[in-house]
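**Student:** Chain by chain, the residues run as shown.
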Amino acid sequence: MKTQNQRAWLFVTPVLLLVAFNALIPMMTVVNYSVQETFGDNLFFWQGLDWFEQVLRSERFHNALGRQFLFTFLILIIEVPLGVAIALAMPRKGPWVPVCLVTMALPMLIPWNVVGAMWNIFTLPDIGLLGYFLNHTLGLSYDMTQDPIAAWVTIVVMDVWHWTSLVVLLAYAGLVSIPNAYYQAAEIDAASRWAVFRYIQLPKMKTVLTIAILLRFMDSFNIYTEPFVLTGGGPGNSTTLLSIDLVKIALGQFDLGPAAAMSLIYFAITLLASWLFYTLMTMNDNKT
Amino acid sequence: MRLKSLVPALYILFLMLPIYWLVAMSFKTTNEILSGFSLFPQTWTFANYREILTDPTWYWGYINSIIYVSMNTVISVLVALPAAYAFSRYTFVGDKHLFFWLLTNRMAPAAVFALPFFQLYSAVGLFDTHIAVALAHCLFNIPLAVWILEGFMSGVPKELDETAYVDGYSFPRFFVTIFLPAIKSGVGVAAFFCFMFSWVELLLAKTLTAVEAKPIAAVMTRTASSAGYELGLLAAAGTLTIIPGAIVIYFVRNYIAKGFALGRV
Chain W
1 MKTQNQRAWL FVTPVLLLVA FNALIPMMTV VNYSVQETFG DNLFFWQGLD
51 WFEQVLRSER FHNALGRQFL FTFLILIIEV PLGVAIALAM PRKGPWVPVC
101 LVTMALPMLI PWNVVGAMWN IFTLPDIGLL GYFLNHTLGL SYDMTQDPIA
151 AWVTIVVMDV WHWTSLVVLL AYAGLVSIPN AYYQAAEIDA ASRWAVFRYI
201 QLPKMKTVLT IAILLRFMDS FNIYTEPFVL TGGGPGNSTT LLSIDLVKIA
251 LGQFDLGPAA AMSLIYFAIT LLASWLFYTL MTMNDNKT
Chain C
1001 MRLKSLVPAL YILFLMLPIY WLVAMSFKTT NEILSGFSLF PQTWTFANYR
1051 EILTDPTWYW GYINSIIYVS MNTVISVLVA LPAAYAFSRY TFVGDKHLFF
1101 WLLTNRMAPA AVFALPFFQL YSAVGLFDTH IAVALAHCLF NIPLAVWILE
1151 GFMSGVPKEL DETAYVDGYS FPRFFVTIFL PAIKSGVGVA AFFCFMFSWV
1201 ELLLAKTLTA VEAKPIAAVM TRTASSAGYE LGLLAAAGTL TIIPGAIVIY
1251 FVRNYIAKGF ALGRV
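Heads up: the sequence lines are chains W and C, in that order. Those letters in the first sequence? Residues 1 to 288, per the numbering used here, in order. Those letters in the second sequence? Residues 1001 to 1265, per the numbering used here, in order.
Chain C with its partners taken away, still in its complex shape (with noise of 0.2 Å):
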């Protein structure tokens, strides 16, 4: 039994080492860093935490990020509801294909799509504002969204529509005081999903942004190649950006294996 514990012990210190040595890093000074190797910070400073929450261009950075993540996230649950519940309780012409097309773009390689977009939201004037990194982050987290919310709702039995209809509910009135706080938990993940492939995205958020809406991830490599070798500074901007993570992280936690499974176990 104690052997067995120690899999998941080994795994987890094997994850924790690059982020402690990011967090040890972000406490150092650039001299310290320079001189040698270290195993814990001997001066501690906070001066990197300090230049980038007052220096506009990096604390931008991150309000740009969680804006256009934000949008994301309540834009595609908005639209995957219904288009779930559709997948999940009808049959109708074209079912099965549909749903592989709109998985089809979440196979498809941003890269792929780097380009194109620049073009496009150029031409309807949406280059470089928060809703035209949010609306292309769309293109594979709709699709994510009505996977999860699909499964989620295909484990309600759908007596509970049944029951509501001869009850005299109204479709609206029985989607959101009914089945909504069934699924609660589906749409907890979902969104969950979204904030995470929608915060951990560069690629297609940084050909979308110049200056107005850059986020923190561009900014990060923007200081990396112009100020040179300021480690410490690139350390603290990093461990900022897991934070957030960490938070959605610490709510979802009852439902994060289920989650993974996308509703399916």
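Just chain W, same shape as in the assembly (with noise of 0.2 Å):
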């Protein structure tokens, strides 16, 4: 049981006053761009919501939601259920167990444009390894720089590449601290392998898959360095997910008002599906 102590504040206060310093400042500013309009020499007038709406109905923002909604999508889709398989997989104890966690882990410790920079070394229709294998040993065309299909594809397998192991790690960590009776018991009951998953693994991982899903949601929603090294965006718009939009409006084209509109929308949507993800996860922190 946890004690009732007002004095707890004095501890929390050097983080608050250092992540106020950073957060709330400069989400001030970005408030205040986002009511006004300015012509440069720190000139500004009231704009009211203009920005908001103009935002909300654009075309260009709505193309930049979806594409990143389908990227979070995907990127859920493929690397939960792909990082669960490659964890009930590996091995629970032995001298390959260091070796594999630390070769998952290496991808992650990676800078993220020192990976898009990789992938697009790798990529590279005829002397990349992976590009000169699609086009010149099974035939394909493959240049991810001419075929949005082909850039999209691209970045989510790079992206695969990169967190899928975060997943590994979370779910592989859920795996063994399961005990050794719990199989047992399920030896001496007959369970069919589908049985063990369903009842004794899938529940014991939830917290952790429930952090894992809500971290790759977060990290792949607000995705930039990587996408942005690799394809720029291109070609055309066909990959320009809303950060890479974001950052183009404010600092390529300095439209403070609309790209501080943007950015508070944006963050918005960032909150709310967070938040939901949280209530869940200490509704299971209760429970147990």
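Treat the hints loosely; a few may be bogus.
What the hints assert, rightly or not - Straight line, CA to CA, 30 Å or less: simulated DSSO-like cross-link-like pairs of lysine-lysine:
| hint | chain 1 | residue 1 | chain 2 | residue 2 |
| --- | --- | --- | --- | --- |
| 1 | C | 1096 | C | 1184 |
| 2 | C | 1158 | W | 204 |
| 3 | C | 1206 | W | 248 |
| 4 | W | 204 | W | 2 |
No lab work stands behind these hints: they were computed from the structure.
Combine the two chains into a complex, taking the hints into account.
**Tutor:** Rendered as structure tokens:
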């Protein structure tokens, strides 16, 4: 049981100050821009909610948002089952465990733009390993700078390469925490492989899988650097995800008003979805 | 059983292929890269690495990155420790809301903060310093560190605290000599994650620096666009950025699975 103690606020103060400095001041700047028009020279005019209306009605935003949802959906639907399957097949003990864990974690520690550059080199049509294999060994015509579908497949495969290990490691952590007695009991009951998965392993993985889905949702929804380095949002606009579009508007065209309004809408969507996940997660915590 | 171990083996092969290609590319001459496909370097060359290790704009990129990543890791873990203790041991007015508010900062798209961060850190005179990037990365690292440490601390029974008070320990002495050793794997894991996310992040680090504190990742993008198609050099620089991560993983390998579960298994 936790104790009621208001002095706990003292412990939290340093964190509060630091995060507030980093979060509240920039957030207020964004809110400021989102309701004003500027022609430079620090002159600002009240604009009301016009920018929000403009962004919400613009086809460009709808398209970027649609692409973003499609990307995140594909990522979750591929990475979560794949990660669980790999974790189930991993050895529980023995010399191979640390080897698996270390090699699997490696992609996550590579700077994001290096990931983009690495996949760029890997997929070059004539001199990249994958590009050469697809074009010259299999005889396909693969060039992700020309073909939007190839570009999409490439960014999705790149993200699967980069982040599936997160799901694997989380699911694995859940699996190794199951006491052996559970499996012995299942064996006595002559439970099928599926029953073991459904009634023993899945419930034990529930908390960690919620964390995995939450983290994968947030990070794939906010993804910027890797697809930007790999495709630059192209060919055309086909892989321009929300963050790429936002940076184009804010730092490329310097349209501060629309960019700020778009930022707030973007953040609100992330927040809403994450709140849903978080609520689900704390419900789990309370039950156990 | 044989079939089962094939799954992780194939997966690891898939993970290693692009990395292999990057490393192989870094040992090839530009001539060989552009002249056609070769699975292994035909003529091994260390020229790419030599150029990076002798040119100050290149190697200072690495030093800059390591400086701000270390600063960020130390700051994040130090301020997160007392906060995580408060969240794991006490209830106080607004604790749940505060915890969620902290997490929202981990959820915020970095692209949203790029421009306001640039203005904020320019206004306080910290633009293009290591501490600016270290502080900016606190935005997502502190919430994560609090989250991880809180998970590990909640696994320590509360009786430990109570026994220490009965034995007459003061709070600071209890925290440093008894509590910290009890959660030291948690501290290691939290530091690992702060290192990881600060090391891989580029957008904010690039926005907040120009010359003096420019991270290696930003040096790479500059070179890729200005010096044309120097793939070998790019590959060598990329290969070198993998090494610190690999070293750090090796140290936390025994806690890595529990760590990714944020101490909640």
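**Student:** Each hint should be assessed against the structure and marked as holding or not.
**Tutor:** Each hint tested on the structure:
{"no.": "1", "hint": "1096(C) with 1184(C)", "verdict": "25 Å, holds"}
{"no.": "2", "hint": "1158(C) with 204(W)", "verdict": "24 Å, holds"}
{"no.": "3", "hint": "1206(C) with 248(W)", "verdict": "15 Å, holds"}
{"no.": "4", "hint": "204(W) with 2(W)", "verdict": "25 Å, holds"}
Checked against the numbered hints given earlier, the structure satisfies every one of them.
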